[in-house]
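Produce the complete structure using the sequences and hints provided.
Those protein sequences? They're chains A and B, same order as listed. The opening residue of the first sequence carries number 1 in UniProt numbering; numbering runs sequentially from there. The opening residue of the second sequence carries number 1 in UniProt numbering; numbering runs sequentially from there.
In case anyone wonders, no lab produced these hints; they're calculated from the structure. Since we're looking at a predicted model, the values are computed, not measured. Glycine included, every Cβ here is placed at the ideal spot set by N, Cα and C. Hints may contain errors.
[What the hints assert, rightly or not] Cross-link-like lysine-lysine pairs, in silico, DSBU-like; alpha carbons within 30 Å at most:
1. B:255 / A:414
2. A:226 / B:226
3. B:75 / A:357
4. B:255 / A:260
5. A:357 / B:255
[Said to hold, decoys possible] Over the 10 Å line for every Cβ pair with chain A, so calculated as not near, a few chain B residues:
6. 20
7. 27
8. 40
9. 91
10. 118
11. 150
12. 178
13. 236
14. 386
15. 392
16. 415
[Stated by the list, open to error] Beta-carbon label-pair distances, calculated as ranges:
17. A:382 / B:70: 44 to 52 Å
18. A:290 / B:46: 49 to 57 Å
19. B:81 / A:32: 52 to 60 Å
20. B:46 / A:312: 54 to 62 Å
21. A:123 / B:279: 55 to 63 Å
22. B:344 / A:418: 17 to 25 Å
23. A:382 / B:9: 54 to 62 Å
24. A:179 / B:252: 32 to 40 Å
25. A:120 / B:9: 40 to 48 Å
26. A:190 / B:9: 27 to 35 Å
2 protein chains.
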Amino acid sequence: MQFQLSPELIEKIEILVEEQNDKELLLHLEDLHHADIAEILDELNLDEATYIIKLLDSEKTSEVLMELDEDDREKILNNLSSKEIADELEEMDTDDAADIIAELSEERQEEVISNIEDQDHAADIKELLRYDEDSAGGLMAKELVRVRETWTVGGCVREMRRQAENVTRVHSIYVVDAKDKLIGRLSLKDLLTVDTKTKIKEIYIPRVDFVNVHTEGEEVARIMQKYDLEAIPVVDDIGRLVGRITIDDMVDFIKEEAEKDYQLAAGISQDVEADDTIWQLSRARLPWLVLGLFGGLGSVYIMQGFDEALETFPILFFFTPLIAAMAGNVGVQSSAIIVQGLANDNIRGSLFHRLLKEVGLSLLNGIALAALVFLFGFIVGQDQLTSLAIALSMLLVIIVAALVGTFVPIILDKRGIDPAIATGPFITTSNDIFGIFLFFYISKLILGF
Amino acid sequence: MQFQLSPELIEKIEILVEEQNDKELLLHLEDLHHADIAEILDELNLDEATYIIKLLDSEKTSEVLMELDEDDREKILNNLSSKEIADELEEMDTDDAADIIAELSEERQEEVISNIEDQDHAADIKELLRYDEDSAGGLMAKELVRVRETWTVGGCVREMRRQAENVTRVHSIYVVDAKDKLIGRLSLKDLLTVDTKTKIKEIYIPRVDFVNVHTEGEEVARIMQKYDLEAIPVVDDIGRLVGRITIDDMVDFIKEEAEKDYQLAAGISQDVEADDTIWQLSRARLPWLVLGLFGGLGSVYIMQGFDEALETFPILFFFTPLIAAMAGNVGVQSSAIIVQGLANDNIRGSLFHRLLKEVGLSLLNGIALAALVFLFGFIVGQDQLTSLAIALSMLLVIIVAALVGTFVPIILDKRGIDPAIATGPFITTSNDIFGIFLFFYISKLILGF
Chain A
1 MQFQLSPELI EKIEILVEEQ NDKELLLHLE DLHHADIAEI LDELNLDEAT YIIKLLDSEK
61 TSEVLMELDE DDREKILNNL SSKEIADELE EMDTDDAADI IAELSEERQE EVISNIEDQD
121 HAADIKELLR YDEDSAGGLM AKELVRVRET WTVGGCVREM RRQAENVTRV HSIYVVDAKD
181 KLIGRLSLKD LLTVDTKTKI KEIYIPRVDF VNVHTEGEEV ARIMQKYDLE AIPVVDDIGR
241 LVGRITIDDM VDFIKEEAEK DYQLAAGISQ DVEADDTIWQ LSRARLPWLV LGLFGGLGSV
301 YIMQGFDEAL ETFPILFFFT PLIAAMAGNV GVQSSAIIVQ GLANDNIRGS LFHRLLKEVG
361 LSLLNGIALA ALVFLFGFIV GQDQLTSLAI ALSMLLVIIV AALVGTFVPI ILDKRGIDPA
421 IATGPFITTS NDIFGIFLFF YISKLILGF
Chain B
1 MQFQLSPELI EKIEILVEEQ NDKELLLHLE DLHHADIAEI LDELNLDEAT YIIKLLDSEK
61 TSEVLMELDE DDREKILNNL SSKEIADELE EMDTDDAADI IAELSEERQE EVISNIEDQD
121 HAADIKELLR YDEDSAGGLM AKELVRVRET WTVGGCVREM RRQAENVTRV HSIYVVDAKD
181 KLIGRLSLKD LLTVDTKTKI KEIYIPRVDF VNVHTEGEEV ARIMQKYDLE AIPVVDDIGR
241 LVGRITIDDM VDFIKEEAEK DYQLAAGISQ DVEADDTIWQ LSRARLPWLV LGLFGGLGSV
301 YIMQGFDEAL ETFPILFFFT PLIAAMAGNV GVQSSAIIVQ GLANDNIRGS LFHRLLKEVG
361 LSLLNGIALA ALVFLFGFIV GQDQLTSLAI ALSMLLVIIV AALVGTFVPI ILDKRGIDPA
421 IATGPFITTS NDIFGIFLFF YISKLILGF
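Printed below as a string of structure tokens:
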């Protein structure tokens with residue numbers, strides 16, 4: 001049952017495209033899942049991929065297009081006429097169609113929309129384009145099954161058959177009043193088990209979770225995960241049912257969010273993938289490296305200020321990478337825990353309590369590490385006061401680094417800034433500079449150079 | 001509609017528990033969603049939480065238990081008798097029940113299972129316990145709707161009504177042959193649109209994605225995401241339908257996987273949260289810090305080997321934190337991109353091609369950074385040969401760090417080891433040591449000390 005992409009298959013497809021052997025091509029591709037066809041197109045060059053998109057019917061290719069990388073899709077769409085794009089959009093759910101259109105230039109957008117024959121579909125897409133991409137309005141689809149509370153189950157089933165034509169998957173049936181306001185829901189299961197003459201108002205469930213069109217995507221994800229929802233209806237500011245969001249769209253969103261946090265922590269500022277171009281990758285990575293470079297130059301400057309120790313205590317300079325590594329690692333650990341905690345909404349309790357805990361934790365870890373450093377000094381026969389100075393100042397660096405790692409994301413979050421930007425090179429770099437200064441300053445106090 | 005946890009609410013609940021005012025407690029809790037009750041219990045002490053679990057009916061508390069932290073749940077279960085736990089399990093889906101039982105001691109497991117009245121349910125749970133937790137068998141539930149190909153739509157709907165009683169959500173209806181082998185599926189939508197006398201064999205869809213009980217969870221997640229599935233049936237080694245996995249269970253799995261990768265990258269080795277105890281957090285963090293410490297001590301040792309440069313080129317020692325930071329940051333960037341690429345299965349093409357790309361990318365970034373370092377030297381009036389030595393050796397360090405960051409995860413992955421362990425302190429530490437050695441070695445070649 002499993003599809004396996006093989007070099008032989010790609011080669012065969014390439015030859016068939018070359019020969020323009022449409023019949024054989026269709027034979028090979030027709031039965032494949034759209035996600036598998038997308039994987040094949042990924043391996044072909046632009047002209048070959050465009051040829052196949054034009055060959056297959058738009059019901060299939062509309063789904064293939066949704067599976068492609070944004071970059072690849074953009075190139076293929078550039079090879080299609082506005083009419084051809086419009087044909088693809090006709091087959092898509094409104095949320096997917098709006099996502100695709102949003103990628104086009106404004107001029108092209110209007111051209112494409114005017115070519116969509118189904119006026120309702122075009123109006124729906126236009127409506128979705130008005131919302132912010134990451135809001136519930138930007139994430140929702142217009143396709144859903146809605147019934148009136150005054151209908152009977154029988155009438156409802158007839159009407160549903162009509163509406164269901166346009167809805168890929170029926171999760172829930174939403175119940176609205178005469179003014180189209182969302183008042184409850186029905187499950188398909190319930191419909192199966194009651195008499196067809198029953199009125200909807202007698203059997204619908206009046207409790208229904210919903211979000212407003214302006215609710216942020218992150219909040220939608222949180223609600224759907226917390227309450228284990230497979231779909232959630234979206235209402236406008238006066239409570240009218242305007243769309244629904246399904247969990248499969250949110251899975252991508254949740255994963256992208258988690259990956260974005262991770263990428264930021266790793267010092268990658270844009271959404272890039274291993275297969276992007278060198279330029280794209282460089283643009284995403286270089287800014288953070290430059291930040292690290294300035295941090296490193298800051299350390300150079302600080303150490304020059306302590307250069308009187310070069311003759312008497314050169315060992316201190318040998319320890320600077322260790323101090324920088326400790327400050328960086330501790331800061332990254334603390335901030336990662338806080339950022340994930342903030343994302344999962346389980347950072348509770350007072351700031352003072354968290355401060356005490358973080359100090360306790362870093363004391364615990366710091367003392368263990370300081371003991372190891374002291375032990376190392378003892379083994380290599382280092383002067384004991386020097387070892388003590390190094391161990392103690394490292395302990396202090398660790399505590400400060402943990403506090404910086406904990407509170408910088410909390411403060412950013414309170415000010416409405418994404419705390420994830422604080423987890424990577426930003427924390428590492430500032431902790432490096434700060435840690436090295438603290439290390440030399442405390443050592444100087446103890447050793448007196 | 002949104003539930004808001006407030007200190008006032010918690011206080012009120014605490015007083016009511018203290019007073020044993022069951023009537024008022026029920027009034028406050030009965031209408032709340034189980035996920036919200038779980039949030040409340042999270043804030044109470046163990047005795048209070050146990051009191052509420054015993055007060056509410058098991059239909060509700062079984063769901064509340066599933067929402068709790070594993071640690072909290074364990075404590076509450078310890079306060080319940082085997083019979084009380086069995087009552088909770090009766091209300092749960094088999095997959096949830098098996099997860100809970102797996103958390104108990106083996107002795108307790110048998111006691112609890114023997115107390116479950118529904119023999120079929122108990123047998124199903126026992127079957128699930130046999131599978132590895134992270135395999136499809138360990139993730140699936142036994143609850144599903146199955147119909148025979150020989151039935152009519154009418155008979156099918158009758159039978160479904162019976163089966164649907166036990167199934168929380170009906171995603172797909174699976175079609176089996178006389179030997180219970182999975183041969184296809186039906187959608188609820190299809191059932192709504194055909195005559196009741198139609199035979200199932202005339203309308204079912206013979207193409208159905210499925211996984212084997214032994215398929216790994218990660219692979220299940222990949223397939224369900226790739227093909228946008230909301231549920232996938234699970235078959236045994238001879239193709240018999242034995243269970244199904246729904247996407248809501250996989251969302252948790254996918255998120256946990258993404259978070260685990262991020263935590264590993266941040267140097268946190270166990271699944272911990274901000275609200276865990278200091279001991280748990282320390283245990284998860286200290287090992288990586290010790291690794292970093294040993295790395296740092298390695299750097300001390302390397303620099304001692306180059307101490308003849310202390311008098312002539314002390315500036316080199318001031319640059320070591322910068323070199324270490326560059327080597328670390330570049331390595332983390334490269335490895336994060338590869339690890340995410342491997343997780344999303346989009347690392348394709350030959351290793352040689354990837355090598356060329358990574359060298360190209362790090363040359364691009366490295367030259368930009370080297371130019372900045374040289375410029376800095378020029379501004380502060382540093383000897384030009386020294387600046388050149390620093391810039392050139394840093395460039396080489398960056399290229400090597402990028403290669404290590406790229407290929408260590410790829411090699412680990414090829415050997416069946418989770419590449420995410422290579423993204424954090426492991427890469428940083430080895431790149432630190434290696435980078436500092438390379439830096440001094442190249443500088444020595446150029447400057448000749």
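Quick rundown of the hints versus the structure:
For the given pair, residue 255 of chain B sits about 24 Å from residue 414 of chain A by alpha-carbon distance, which is consistent with the 30 Å threshold. Proximity of residue 226 of chain A to residue 226 of chain B is assessed by CA-CA distance (about 24 Å); at most 30 Å being required, the pair is judged to hold. Proximity of residue 75 of chain B to residue 357 of chain A is assessed by CA-CA distance (about 23 Å); at most 30 Å being required, the pair is judged to hold. For a cut-off of 30 Å, the pair hint linking residue 255 of chain B to residue 260 of chain A stands: about 13 Å separates their Cα positions.
Annotation: proposed proximity of residue 357 of chain A to residue 255 of chain B holds, straight-line Cα distance about 27 Å (limit 30 Å). The beta carbon of residue 20 of chain B is kept farther than 10 Å from every beta carbon of chain A, the shortest such distance being approximately 27 Å. Remark: the non-interface label on residue 27 of chain B is consistent with the geometry, its nearest Cβ contact in chain A lying 17 Å away (cut-off 10 Å). Non-interface call for residue 40 of chain B relative to chain A: holds, since the shortest CB-CB distance, roughly 12 Å, exceeds 10 Å.
For residue 91 of chain B, the condition that its CB be more than 10 Å from all CB atoms of chain A holds, with the nearest at approximately 16 Å. Interface exclusion of residue 118 of chain B from chain A stands, the closest Cβ pair being 21 Å apart, more than 10 Å. The beta carbon of residue 150 of chain B sits about 21 Å from the closest Cβ of chain A, which is more than 10 Å, so the claim that it is off the interface holds. For residue 178 of chain B, the non-interface assignment is confirmed: its Cβ lies about 21 Å from the closest Cβ of chain A, beyond the 10 Å cut-off.
Listed as a non-interface residue, residue 236 of chain B keeps its Cβ farther than 10 Å from every Cβ of chain A; the least gap is roughly 15 Å. Look at residue 386 of chain B: its CB is around 12 Å from the nearest CB on chain A, clear of 10 Å, so calling it non-interface holds up. Listed as a non-interface residue, residue 392 of chain B keeps its Cβ farther than 10 Å from every Cβ of chain A; the least gap is roughly 15 Å. Every beta carbon of chain A lies more than 10 Å from that of residue 415 of chain B, the smallest distance being close to 19 Å; the non-interface claim holds.
Checking the proposed 44 to 52 Å range against residue 382 of chain A and residue 70 of chain B shows it holds: the Cβ atoms sit about 45 Å from each other. Judged by the Cβ atoms, the range 49 to 57 Å given for residue 290 of chain A and residue 46 of chain B holds: they are separated by roughly 52 Å. The given range of 52 to 60 Å is respected by residue 81 of chain B and residue 32 of chain A, whose C-beta atoms sit roughly 55 Å from each other. Between residue 46 of chain B and residue 312 of chain A the C-beta distance comes to about 58 Å, which sits within the given range of 54 to 62 Å.
About 60 Å separates the C-beta atoms of residue 123 of chain A and residue 279 of chain B, a value consistent with the hinted range of 55 to 63 Å. Look at residue 344 of chain B against residue 418 of chain A: about 22 Å separates their beta carbons, and that is inside 17 to 25 Å. Our hint of 54 to 62 Å for residue 382 of chain A and residue 9 of chain B holds, since their Cβ atoms are close to 58 Å apart. Range check, residue 179 of chain A to residue 252 of chain B: about 38 Å between beta-carbon atoms, so the 32 to 40 Å window is met.
Distance hint check: the CB atoms of residue 120 of chain A and residue 9 of chain B are about 45 Å apart, consistent with the given range 40 to 48 Å. About 32 Å separates the C-beta atoms of residue 190 of chain A and residue 9 of chain B, a value consistent with the hinted range of 27 to 35 Å.
Consistency with the previously given hints is maintained throughout, with no hint failing.
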